[in-house]
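Add chains B and C to chain A, keeping to what the hints say.
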Amino acid sequence: MYTFGIDIGSTSSKAVILKDGKEIIAHQVISLGTGTIGPKEAKEQVFEEASISPEEISYTIVTGYGRMKCDYADEQISELSCHAKGIHYLLPTVRTVIDIGGQDAKALRIDDKGRLIQFQMNDKCAAGTGRFLDVMAKILNVDINDLGPLSEKSNHPASISNTCTVFAESEVISKLSSDIPLEDIAAGIHESVAKRVAGMALRIGKTPDVAMSGGVALNIGVVHAMEREMECPVLVHPLCQSAGAIGAAILAWEKFTKEKVR
Amino acid sequence: MADLKSNIAFLQEACKNPRARLDYYLKQGKKVVGCFPVYTPEELIHASGMIPMGLWGGQTQLKLAKSYLPPFACPIMQSNMELGLSGAYQGLSAVIIPVLCDTFRCMTQNWRFGVPSIPMIPIVYPQNRKSPASVDYLISEYENVLTMLTTITGKMMNEKALAETIAIYNEHNAVMREFAKVANDHLDIVTPQVRHTVMKSAFFYEKSEHTAIVREIVEELKKLPAYQFTGKKVILTGITCEPDELLNIFTENHMAVVGDDLAQEMRQYRTDTPEKGGGGLKRLALQWNSRHGCSLIYEEGKPRGKMLVNLCKENGAGGVVTCMMKFCDPEEYDQPYFEADLREAGYPYLTIEIDQQNTSYEQIRTRIQTFSEMI
Amino acid sequence: MIENGTTQVNAAAAPAQKPKRPKPKSMQMLNEQTTALFENARLAKERGEKVGWSASIFPQEIAETLGLNVLYPENHSAGIAARHQADPFLQECEGPLGYSNDLCAYAKVNLAYASVLNNESEVELPDGGKMVKPDFLLLTNNICNQLTKWYENLAYQMNIPIFFIDTCYNPCDYVTETRVRYVRAQIDQLIKDLCAFTGKTWDDKRFKEVMKISQRNSYLWERANNLMDHKPAPLSGFELFNYMSAMVCNRGKISSTAVLEQLNQEIEEHIKEGNSTYPVKEEYRISWDGIACWPYLRHNLHTLKQYGINMVASSYGKAWAIEYEDLDGMARAYCFASTNGDNATTMISRRMEALKKFDCEGTIYHVNRSCKVMDCQMMEVQRQISAQAGIPFTSFDGDQADYRNYSEAQFETRIQGLVEVMKQNKEAKMNG
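Protein chains in written order, with the numbering used here: chain A, 1 to 262; chain B, 1 to 375; chain C, 1 to 432.
None of these hints come from the bench; they were simulated from the model.
Glycine included, each C-beta is placed from N, C-alpha and C at the ideal position.
A few of these clues could be false.
[Stated by the list, open to error] In silico contact screen, one side only, chain B against chain A (beta carbon under 7 angstroms); selected entries:
#1 Asn144
#2 Met148
#3 Thr366
#4 Gln369
#5 Thr370
#6 Glu373
[Claimed, not checked] Listed next, with one range per pair, are the computed distances between beta-carbon atoms:
#7 C:Gln424 to B:Glu13: 51 to 59 angstroms
#8 B:Ala163 to C:Glu46: 55 to 63 angstroms
#9 B:Lys130 to C:Glu49: 21 to 29 angstroms
Bound-form chain A, shown alone (with noise of 0.2 angstroms):
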């Protein structure tokens, strides 16, 4: 029995099949999110790489930022939800969720079967999100992806103490003008997005394993300085920025079960 889950953000689509609610059988992440091509290109290649058709799904969850603009689906829940259930199914241990975004950061804390217990978001600043990092990478002309990398080479990183992105572009612009390691840099901006949103995850308490998940977990600087900040280590799974199309296509057939046993 298949269900279907699709998350559409804001700067990326993500599409899962899954099978019985426990295999996934495709996958797919297109980098366009709501009002572009992405939600449907993600949906058609995730039903050509499962060699399956639409009609053959059981139930369809849709979740994140595009979700009330999805026709097809049979229901929409709020990606926080989907994203517990989908790193609980990657990560079974895992009690606290730290979810950095483009745009939002958000702390999650789960119960052991996925469930959602508590949630902590961050949703009206830049700072301590993905647009800091975006920002801050521009005027060091480093590619995004090779930040993380970069600043672990640091030994000694600098401050960067300001918690408003406009303030800190300039400290980091006076930073750089007064020579300091490019690395440096790099690693005093990990260091004040990690403070940021530990304070703000710590704020639901630290219960064991924490995990990282969205897509500045990808990089590597950020999730060190986090495990430095919570004092703990910080799991990250390579599949973590699809949790939310996961848990959506897990919820989707704990729903349609649900109903058929009723």
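Structure of chains B and C alone, referenced to chain A:
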């Protein structure tokens, strides 16, 4: 049923267009005095034969207010300042500003110089209510308000009028409490938006007029069979929970509000003025002493959390939504303590940010939806 | 509202190479006094005596008369901020303790500090003045309302009593008699309750003594500040911020008399010799509005020094002009103290007086993110003062203790802008 619908419609209209309510009273030749949040001695205005009208800001874009307040000032004060400076409050004879927090202190001065066409009457409530001397002090603050009202408007009150007014306000409190209770059996009709409308509209009516309308609403509701609401029930806490766009998100997610600890709503109606104990001013001062569980009133023991737990229990709520007014430091100091009490009692809670300059509700939508999936 | 001996700041801040000016004797005495304050509290606690924490403008005469050891959280937080030790406390407060970033940073640091003392948090307590856990709190709200909430929380957290004097903000230019009566009644009750709790007894003779000492210290403090009207000013103005700890934490003590007499003496020396502790030629005299931006004192001073700008006036010169002869007078004085007496007209007239007296050419407003009670009426006050005094002003975003609310680039740009206008005005004046 027709009465019910049209009564609710009257109240909706009042909330949508408070200016029309101000003009309505002015046309009748009445004087209207603006009342800043949260606690103002409306009774003194009412007993003097004038109409008190609440000034709770509004969804406004700020332009003129930026010359008086920094960006990190309370949204309601920003809006009130903007509306005052732009002339939206023209027609008011005066405004009363209670000094309940640091920003209020400054507002008395900002208004004094910024909107001199509408005279400002300050009142500073006592915070050390354990001290018996606080009662006499508050009485003298009331007398100062009365003197200023008389000087500005020429209107005076007497003891008899004050006693009658106090009775009217107590009656109003009682009917509002009854409404809150009866509403929970009719959550199909009393959606979060309707509930809020009934609560907030009280600020735009002469109190006995509002009592009459709400009483009719309650009677009509009681005639209907109790509705079995199948969605999630929540308690709201904070300063305000509005505008309608936000309240409708609860409905979208099949959630109902079954009780509240909002400064704009039940905090106004849950404490009566004692019927005995002295003259009107003294009894009003005693009412102040009985107020309980509000962030703006000094109280030892941080009792708000327990109060919220009880509210959840009494009304069958599944959790609490903290409507955190942006930059509201008194509320921010209370938050960690009442959250701890809720955690201990096993009630989940959600925080949403309230900002009168906000134009997008997407983030709040996600949070409320997630919360509904959780509780 | 204030700070602590910032010796550690000077020590940490100055680069090793430059020869350091030897610390004046008054500063050494001040540091000894500060050390003694914390140490005496610690010893008292060991002896089983009750020790308190107090709001900075609580009538210190009461605790002093009763012989109680009292510490000052606001002052303590300022010291932590000045020594750049605030970060772990801010993180703890906004993280596990669940508080909003919006709150006053003195409170944020202290709430986290209290949490450590209460065994609820684990943050290493820095050197430079360790506070002991209090057995009681002394609270007034003449500075601001946030204090009432902050102390409400501390009392509940540590399960200790608060002795509270509600001083009621004055929207008028004077204190109403009704306020005086209310405050007096609270003072009378408080003294009774505090004696009952601590086992101390009230001694009227001792009270008269303490009043006398406090008046003398207020006089000396104002005198020292007033000597800045000389040209050039005999001190680098920021140094006066340091001495505020004597006024906040030890105003009723003879050790403060000694410090302030020494300070006055040193200032008179400078005037006699025609020199100053201000390191370069005084080009511009300005007034500073608001408390110091403690985490960035060094950057502030460095930037101002580049243009020869000396702070010769601040809003604190007259802050402790708390004169009275009896408890009624004390009630009235404390009701009008600090921002309680800062309705716009009073604020403006005080500043106008200072601008004239010290012949200031400009004003720098510290828009202190932690201090809404000052910031929310600042713009109107600025406008009126500027119109009346005809001198330029600038403002900058800072914070008294949260180091994350500041931009060096912004400060530098704004000061440069102010200098350009002051220069213009100076030249116009010279050219008639």
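Going through the hints against the structure:
1. Asn144: At 41 angstroms from the nearest chain A Cβ, Asn144 (chain B) fails the 7 angstroms test, so the hint is violated.
2. Met148: At about 41 angstroms, which exceeds the 7 angstroms cut-off, the nearest Cβ of chain A leaves the hint on Met148 (chain B) violated.
3. Thr366: OK, holds: Thr366 (chain B) within 7 angstroms of chain A, min 6 angstroms.
4. Gln369: This hint holds: Gln369 (chain B) lies near chain A, its Cβ roughly 4 angstroms from the closest one there, short of 7 angstroms.
5. Thr370: It holds, given that the least Cβ distance between Thr370 (chain B) and chain A is near 4 angstroms, below 7 angstroms.
6. Glu373: holds (5 angstroms)
7. C:Gln424 to B:Glu13: 51 to 59 angstroms: holds (57 angstroms)
8. B:Ala163 to C:Glu46: 55 to 63 angstroms: holds (60 angstroms)
9. B:Lys130 to C:Glu49: 21 to 29 angstroms: Holds - the Cβ-Cβ distance for Lys130 (chain B) and Glu49 (chain C), about 25 angstroms, lies within 21 to 29 angstroms.
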